[in-house]
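Same order as they appear, the protein sequences are chains A and B.
Numbered by my numbering, the letters in the first sequence go through residues 1 to 165 in order.
Numbered by my numbering, the letters in the second sequence go through residues 1 to 461 in order.
Hints are computed from structural coordinates only; laboratory data are not their basis.
Please read all numbers here as calculations on a predicted model, not as lab measurements.
Accuracy of the hints is not assured; some may be wrong.
In silico DSS-like cross-links for lysine-lysine, where the CA-CA straight-line distance does not exceed 27 Å [stated by the list, open to error]:
(1) B:Lys192 with A:Lys158
(2) B:Lys197 with A:Lys122
(3) B:Lys192 with A:Lys122
(4) B:Lys15 with A:Lys119
Label pairs and their calculated CB-CB ranges [unchecked claim]:
(5) B:Met367 with A:Asn114: 43 to 49 Å
(6) B:Tyr432 with A:Lys150: 38 to 44 Å
(7) B:Gln19 with A:Asn114: 28 to 34 Å
(8) A:Asn114 with B:Phe141: 29 to 35 Å
(9) B:Pro33 with A:Ile90: 16 to 22 Å
(10) B:Lys197 with A:Lys150: 29 to 35 Å
(11) B:Arg292 with A:Arg46: 55 to 61 Å
(12) B:Tyr37 with A:Leu76: 50 to 56 Å
All C-beta atoms in this analysis are idealised placements derived from N, C-alpha and C, irrespective of residue type, glycine included.
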Amino acid sequence: MLGVFNDEATLVDAFEKLKNKGLTPVEVYTPYPVHEILEGMPIKTRITHAAFFFGLFAAIGILGFLTYAAVYSWPLHYGGKPFNAFPSFIVVTIVATILSITLLTLFTFSARANIFPGKKAKIFHERATDDKFVMVFDEADIVKNSELVKTILTEHGKIENKISD
Amino acid sequence: MYNSAVRGKLIDGDKSYSQISKEILAPIHDKTPLWWYAAMLVSLGMFGFGLYCKYVTISTGIGTWGVNNSVAWGWAIINFVWWIGIGHAGTAFSIFLLILRQKWRTAINRAAEAMTVVAVFCASLFPLLHMGRPWLFFYIFPYPNTRGPLWVNFNSPLFWDFVAISAYLLISASFWYFGMVPDFATVRDTAKSKIKKAVYGFFAFGWTGSSREWLRFEGLSFVLGGIAAVLVVSVHSIVSTDFAVSVQAGWHTTIFPPYFVIGAIFSGFAMVLTLVITMRGLYKMNDFITDRHVDAVCRILIFISLIMGTAYMTEIFIAWYSASDYENYMFFKNRLFGDYAFQFWAMFTANAVIPQLFWFKAVRKRMWIVFIISIIINIGMWYERFNIVVTTLSRDYLPAAWANYSPSWVEIGFFVGTLGMFIAGVLLFFRYIPMIAISELKSVAKFDKPNNGQLKAKSHE
Numbered sequence: 001m002l003g004v005f006n007d008e009a010t011l012v013d014a015f016e017k018l019k020n021k022g023l024t025p026v027e028v029y030t031p032y033p034v035h036e037i038l039e040g041m042p043i044k045t046r047i048t049h050a051a052f053f054f055g056l057f058a059a060i061g062i063l064g065f066l067t068y069a070a071v072y073s074w075p076l077h078y079g080g081k082p083f084n085a086f087p088s089f090i091v092v093t094i095v096a097t098i099l100s101i102t103l104l105t106l107f108t109f110s111a112r113a114n115i116f117p118g119k120k121a122k123i124f125h126e127r128a129t130d131d132k133f134v135m136v137f138d139e140a141d142i143v144k145n146s147e148l149v150k151t152i153l154t155e156h157g158k159i160e161n162k163i164s165d
Numbered sequence: 001m002y003n004s005a006v007r008g009k010l011i012d013g014d015k016s017y018s019q020i021s022k023e024i025l026a027p028i029h030d031k032t033p034l035w036w037y038a039a040m041l042v043s044l045g046m047f048g049f050g051l052y053c054k055y056v057t058i059s060t061g062i063g064t065w066g067v068n069n070s071v072a073w074g075w076a077i078i079n080f081v082w083w084i085g086i087g088h089a090g091t092a093f094s095i096f097l098l099i100l101r102q103k104w105r106t107a108i109n110r111a112a113e114a115m116t117v118v119a120v121f122c123a124s125l126f127p128l129l130h131m132g133r134p135w136l137f138f139y140i141f142p143y144p145n146t147r148g149p150l151w152v153n154f155n156s157p158l159f160w161d162f163v164a165i166s167a168y169l170l171i172s173a174s175f176w177y178f179g180m181v182p183d184f185a186t187v188r189d190t191a192k193s194k195i196k197k198a199v200y201g202f203f204a205f206g207w208t209g210s211s212r213e214w215l216r217f218e219g220l221s222f223v224l225g226g227i228a229a230v231l232v233v234s235v236h237s238i239v240s241t242d243f244a245v246s247v248q249a250g251w252h253t254t255i256f257p258p259y260f261v262i263g264a265i266f267s268g269f270a271m272v273l274t275l276v277i278t279m280r281g282l283y284k285m286n287d288f289i290t291d292r293h294v295d296a297v298c299r300i301l302i303f304i305s306l307i308m309g310t311a312y313m314t315e316i317f318i319a320w321y322s323a324s325d326y327e328n329y330m331f332f333k334n335r336l337f338g339d340y341a342f343q344f345w346a347m348f349t350a351n352a353v354i355p356q357l358f359w360f361k362a363v364r365k366r367m368w369i370v371f372i373i374s375i376i377i378n379i380g381m382w383y384e385r386f387n388i389v390v391t392t393l394s395r396d397y398l399p400a401a402w403a404n405y406s407p408s409w410v411e412i413g414f415f416v417g418t419l420g421m422f423i424a425g426v427l428l429f430f431r432y433i434p435m436i437a438i439s440e441l442k443s444v445a446k447f448d449k450p451n452n453g454q455l456k457a458k459s460h461e
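Bound conformation, chain A alone (with noise of 0.2 Å):
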């Protein structure tokens, strides 16, 4: 079953009703974020905190591997600077760091949100992503509630049904 909003201000005001009354649609699309349902919806990321790790693992492996080659492998005079020219080593650092978290993050995203080159998307609604709110209910989760939910669907939006897989 589908619950299908004109604007935002509709969907989440749904949305806040059905979840105080213990109800959580399986899934909601909207053409562009909305935080009321981000925050709202049982679900979270820890994408930050990954980036976090990848950047502090990726700073690690480069100083180390600048280190290792300037130092240890093939060491060189450039100019009578120290072998170990740490500040130096500081700017290659930082942006290899950037670029290993961004890499990283995309395939932690790609892999995480299940989106990837060619995937076929499994659409609901075909103007999810043009205009319209659209909140997804398994009819079997909602049987005892049946009544309320559509109750709170028609009062601004309206039902549009789709048997699904």
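Fit chain B to the known structure of chain A by using the hints.
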């Protein structure tokens, strides 16, 4: 806290969400206009000429350029720094204005980021070809090799530059691309033709707009935005150290990193203006990129122009204050009144004086004047790089090594080729990519609706 009343409406014409998608996607869904093919033909012609000049450079050698032993860095480096500078606007726009909570950025950031990617790509060709033997460019990667292993010099700003530019290109391209994924999904879902659905569907990565996707998308934008902010400052600082760590008069100054970064943002914003005014003219995007958007960019340019003027005068002052004969000669004899005095004064006028016209509202609201000034700034910034590179190199410490420099047709053609590549890239962007970030624009559209249907939406920030 941001209050939309401060800057007035962000989108003109009281549009519904589907109108926003429809109008921005019109260039993708409609028939390609004739001028597009004509412009593409011209830019591909320029690009082709550039390819020929690259062929001459590679097959014959750097001797076909106008550079000599004293002025070993000619147009190649000037154009490299110029393009990189232009390439700063995308990140500066998206990130700094994101941090400053400037919601009006949403209409412009996509174009600025597209410009960044193409400009940085153009820039990276110059050092590559200037290597002389570009087929050995991979020597600059620090990889375990059979020459020792002989590692690269990690103390060299030229190596830092290589790392910074390649990282910047990859990061800005991925930041741009992932921002487009939700919009590609919109294209996919609104497209009529099967091919378009399939192609944009492929690039949309299966995006549906579910809360699970948006949540992680927001996390990703947060991370990428946060760390890319560092790059805005670091990339051009590193480019400036290419000059500043040498012991040449006119280069060996501590002002260089901030001076270069500000200059880069200046030229980048000017190019953004050039681009968005073109978009307004060609695609009637006036409701999204309103006069108020252009006005806001003009105001930023006044401010940056003042910093530029201050930087130019600081350099001159410090040259006098240092009491170094070489610095004194470089600035007071060579730059201000020497063989390249024209370039110096052109730079000063175009960057520090002419943009001050933006103080006048009458100037800011006349698009053709703004357009012309934006072009003048771009030319001025080119002269700035010419001034820095050539005046210093042409007058070394030893008068016996003094040499003047003028570019050969091969160098000019190489530059023309990158201009062609840039225009072609921008044209492809106009035609095949939603040129305004649709989903971001929709998220700010609600601030324009006083009652948003019947209920009041909560502010997000």
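Next item on the list: With respect to the beta-carbon atoms only, verify the hint that Tyr432 (chain B) and Lys150 (chain A) lie 38 to 44 Å apart.
Entry: Taking Cβ atoms as reference, Tyr432 (chain B) and Lys150 (chain A) lie about 43 Å apart, which means the hint holds.
Item checked: Satisfaction of hint between Lys158 (chain A) and Lys192 (chain B), Cα-Cα up to 27 Å -> Answer holds: Lys192 (chain B) to Lys158 (chain A) is near 26 Å, not above 27 Å.
Margin query: Assuming the hint says 29 to 35 Å, is it satisfied by the Cβ distance from Asn114 (chain A) to Phe141 (chain B) or not?
Written below: For Phe141 (chain B) against Asn114 (chain A), whose Cβ atoms are near 33 Å apart, the range 29 to 35 Å holds.
Margin query: Just to be sure I understand the hint, the distance between the Cβ atoms of Met367 (chain B) and Asn114 (chain A) should be within 43 to 49 Å; is that true here?
Written below: Between Met367 (chain B) and Asn114 (chain A), where Cβ atoms are some 45 Å apart, the hint holds.
Notebook entry, point to check: In this structure, is the beta-carbon distance linking Arg292 (chain B) and Arg46 (chain A) contained in 55 to 61 Å?
Noted result: Between Arg292 (chain B) and Arg46 (chain A), where Cβ atoms are some 39 Å apart, the hint is violated.
Item checked: Straight-line alpha-carbon gap Lys15 (chain B) to Lys119 (chain A), limit 27 Å -> 32 Å, violated
Note to self: Hint check: Lys197 (chain B) vs Lys122 (chain A), CA-CA at most 27 Å. Holds or violated?
What the structure shows: Between Lys197 (chain B) and Lys122 (chain A) the Cα gap is close to 14 Å, so the pair holds against 27 Å.
Notebook entry, point to check: Does the Cβ distance between Pro33 (chain B) and Ile90 (chain A) fall inside 16 to 22 Å?
Noted result: Distance hint for Pro33 (chain B), Ile90 (chain A) is violated at roughly 51 Å.
Checklist line | Hinted pair Lys192 (chain B) and Lys122 (chain A), Cα distance within 27 Å | finding: 18 Å, holds
Check: At the C-beta level, are Gln19 (chain B) and Asn114 (chain A) separated by a distance inside 28 to 34 Å?
Finding: Roughly 31 Å apart at Cβ, these two residues keep to the hinted range, so it holds.
Check: Does the hinted range 50 to 56 Å hold for Tyr37 (chain B) and Leu76 (chain A) at CB?
Finding: 55 Å, holds
Checklist line | Range agreement (Cβ of Lys150 (chain A) with Cβ of Lys197 (chain B), hint 29 to 35 Å) | finding: Given a distance of about 33 Å, which is inside 29 to 35 Å, the answer is holds.
In terms of the numbered hints stated before, the structure departs from hints 4, 9, 11, listed from lowest to highest.
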